[in-house]
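Sequences and hints are given; from them, build the entire structure.
If you're matching them up, the sequences are chains S and E in order. Just so you know, the first sequence maps onto residues 27 to 367 in my numbering. Just so you know, the second sequence maps onto residues 27 to 367 in my numbering.
Please note that a few of the clues may not be correct.
It does not matter which identical chain is meant; a pair holds if it fits inside one copy or across any two.
To be verified - Calculated lysine to aspartate or glutamate pairs in the EDC-like style (CA-CA distance at most 20 angstroms, straight line): (1) LYS280 x ASP228; (2) LYS280 x GLU330; (3) LYS176 x GLU350; (4) LYS332 x ASP228; (5) LYS107 x ASP250; (6) LYS79 x GLU350; (7) LYS208 x GLU71; (8) LYS208 x ASP161; (9) LYS280 x ASP223; (10) LYS206 x GLU287; (11) LYS227 x GLU80; (12) LYS64 x GLU276; (13) LYS227 x ASP303.
Think of the hints as simulated: they come from the structure by calculation, not from any bench.
Number of protein chains: 2
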Amino acid sequence: MKSGMAKGAQSLGFTEAPFLLSAGTIVGQKESQGPLGKLFDEYGEDKENLFGKETWEEAESEMQKRACLRAIQKAQIPQEKIRFLFGGDLLRQGTATSLGIESLQIPLFGLFGACSTSGEAIALGAMSVAAGYADYVLAVTSSHFGSAEKEFRFPLGYASQRPLSAQWTVTGSGAFVIGKEKSKVRISGVTVGKIVDYGLKDSQNMGGCMAPAACDTILANRKDFGREMEEYDQIVTGDLGYIGSTILLELLKKNGVDIEERHMDCGMKIFDQKTQDTHAGGSGCGCAAVTLGSYVLPKIIKGEWKKVLFVPTGALMSTVSFNEGESIPGIAHGIVLERAC
Amino acid sequence: MKSGMAKGAQSLGFTEAPFLLSAGTIVGQKESQGPLGKLFDEYGEDKENLFGKETWEEAESEMQKRACLRAIQKAQIPQEKIRFLFGGDLLRQGTATSLGIESLQIPLFGLFGACSTSGEAIALGAMSVAAGYADYVLAVTSSHFGSAEKEFRFPLGYASQRPLSAQWTVTGSGAFVIGKEKSKVRISGVTVGKIVDYGLKDSQNMGGCMAPAACDTILANRKDFGREMEEYDQIVTGDLGYIGSTILLELLKKNGVDIEERHMDCGMKIFDQKTQDTHAGGSGCGCAAVTLGSYVLPKIIKGEWKKVLFVPTGALMSTVSFNEGESIPGIAHGIVLERAC
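This is the structure:
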């Protein structure tokens, strides 16, 4: 019997579903002052969020390492039992990951899916465990406001004014241990995203660029599993923010699907829009990962939500592609999380 | 029965091994004039290698797309049967891949493993097929001399002098269709690399930075499979070049392993060192991929080589990590290719 049964073009349903055993979350100071502040495992205490390091890049690496160690510790397994690590971040050549998890000495699959990477990492991790390739794997992603602004936008010292459609990159890292061992959260299936390009070119409106990809993946999940969206207690998008979420809901409605009552977006949840001056909401690889780990998973564990579709979204661009006039396509991966009995 | 039997800490041996069905290769003008020139499927005819596009980045994307289409065509399967695409490149945020394969509309797992990415893509592709997640998948990587120099070094117009330890980024893309369907090349196992850091910081000596990782992966393959290296007709490293290969052979000898008679390096094979002025050899994601597709695979298909260990190596760095004084760790993935009876 095969471990992953094909459910349609883009999706896999696991006959022997792997479990999400633990999450480690670490965030920056601003995130710790937001609505989810008390739920994270660890947070930075200085405004620069340097975590004892000298650069933002080193700080991001440090966060990844700490998030991984937290997740391993909470799963109560020895580190050497983790067979593979699936990880990525937003920086060029994924250096936050390669410099962050080096000391763990776990065989690595480096990933890039922009802010959808947490979904990609969990999908590949779950696929590996379900196939019997590993008893335990780690999935980790991160982002850092300082390193991301430096990578994608303007030097912070310029104090450039941000348009209202801009999102605020979350400083945070979330790591997850996935394994065969039973826990209260089962990863029952995945929907792997395609690249979706509506031709948008505004890097200060990432939500708008990514919303079509989220729509595409949600519709694929619905079709592949032959499932109405009402089956999910919650559909959790990654970091569409206020603008992207509005677009997503509209796009879905045009396709006859209404998820308004059961939709939440991590980018809208992590900051208080009224008091934290984050404009269209949070974003970044870390946004969806830490919100999943600290807010969504506990709700599934408690049984408040029995079935959740987690859909982190990514905007596929670089400063080079942007400067050369390319559009910004999006991608989104879907992870089906279920309360295990 | 599980499709992937654990063979030790870092390796997987497939009980139902997937097959490498076809390869599509495309290179630039310089590569087409090198020793392997006649073996590639397609090559650029202008010195800039623009492939009809306006920028090097667009040209690299175009190469990826063409390599994929070639591989699909040679596998003689309809494109819609390709279930997942595993792909990556060297550019920041992997834009060569996301802009290149967008039009194919195949669900994508974006990867980053520097020049080891061809190994990572083939490993994950093989794991997916062996697990029954897909009948066919694509693995693709690329590099482009122009886009890579712009990304990592100096504007070409400066005409900076390159030290003799520097390597020449290969302009090329290689794509592979992996499937359940029988062919003459079986992917019987993989060894997933760990990050190995000897503390080297010279970005103009990538071979030296990557050699320890290649050594580590080869020794892990030997240990995990309980196999002497003499079992392999050839051990093919990706792009260590002349300097890195010398270091690798010495490191292995210190560990009691001598592969000198059965080692080749794609970076040493693709250019003529005497006439092509490429210093320490070729490099880049495309180097190992196009050499595997055009030179190594045909030898296995003809039965000249029955068992090959393919070990592409990557240097994990960015201009930011380099400028901040970080060392350049390496990673290498091992793919066991066997002549199928």
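For each hint, the structure was consulted:
1. With identical chains, the CA atoms of LYS280 and ASP228 are never at most 20 angstroms apart, being 23 angstroms at best within one copy and 55 angstroms at best between copies.
2. In the homo-oligomer, the alpha carbons of LYS280 and GLU330 never lie at most 20 angstroms apart, since the shortest distance is 30 angstroms inside one protomer and 58 angstroms across protomers.
3. For the identical chains of this complex, LYS176 and GLU350 are neighbours both inside a copy (19 angstroms) and across copies (13 angstroms), given an alpha-carbon limit of 20 angstroms.
4. Taking the shortest alpha-carbon separations for LYS332 and ASP228, neither the intra-copy value of 37 angstroms nor the inter-copy value of 52 angstroms comes in at or below 20 angstroms.
5. In the homo-oligomer, the alpha carbons of LYS107 and ASP250 lie at most 20 angstroms apart only across protomers (15 angstroms), although the nearest pairing inside one protomer, at 34 angstroms, exceeds that limit.
6. In this homomeric assembly, LYS79 and GLU350 come within 20 angstroms of each other (Cα to Cα) only across copies, at 12 angstroms, whereas the closest approach inside a single copy is 34 angstroms.
7. In this assembly of identical chains, LYS208 and GLU71 lie within 20 angstroms of each other by CA distance neither inside one copy nor across copies; the values are 35 angstroms within and 58 angstroms between.
8. For a Cα distance limit of 20 angstroms, the shortest separation of LYS208 from ASP161 inside one copy, 11 angstroms, qualifies, whereas the shortest one across copies, 29 angstroms, does not.
9. For the homomeric pair LYS280 and ASP223, the shortest alpha-carbon distance inside one copy (18 angstroms) is at most 20 angstroms, but the shortest distance between copies (52 angstroms) is not.
10. Taking identical chains as interchangeable, the C-alpha atoms of LYS206 and GLU287 are never at most 20 angstroms apart, the minima being 33 angstroms within one chain and 43 angstroms between chains.
11. Proximity of LYS227 to GLU80 under the C-alpha cut-off of 20 angstroms is restricted to the inter-copy arrangement: shortest distance 18 angstroms between copies versus 34 angstroms within a copy.
12. In this assembly of identical chains, LYS64 and GLU276 lie within 20 angstroms of each other by CA distance neither inside one copy nor across copies; the values are 33 angstroms within and 53 angstroms between.
13. In the homo-oligomer, the alpha carbons of LYS227 and ASP303 never lie at most 20 angstroms apart, since the shortest distance is 24 angstroms inside one protomer and 40 angstroms across protomers.
Hint check: violations occur at hints 1, 2, 4, 7, 10, 12 and 13; the rest are consistent with the structure.
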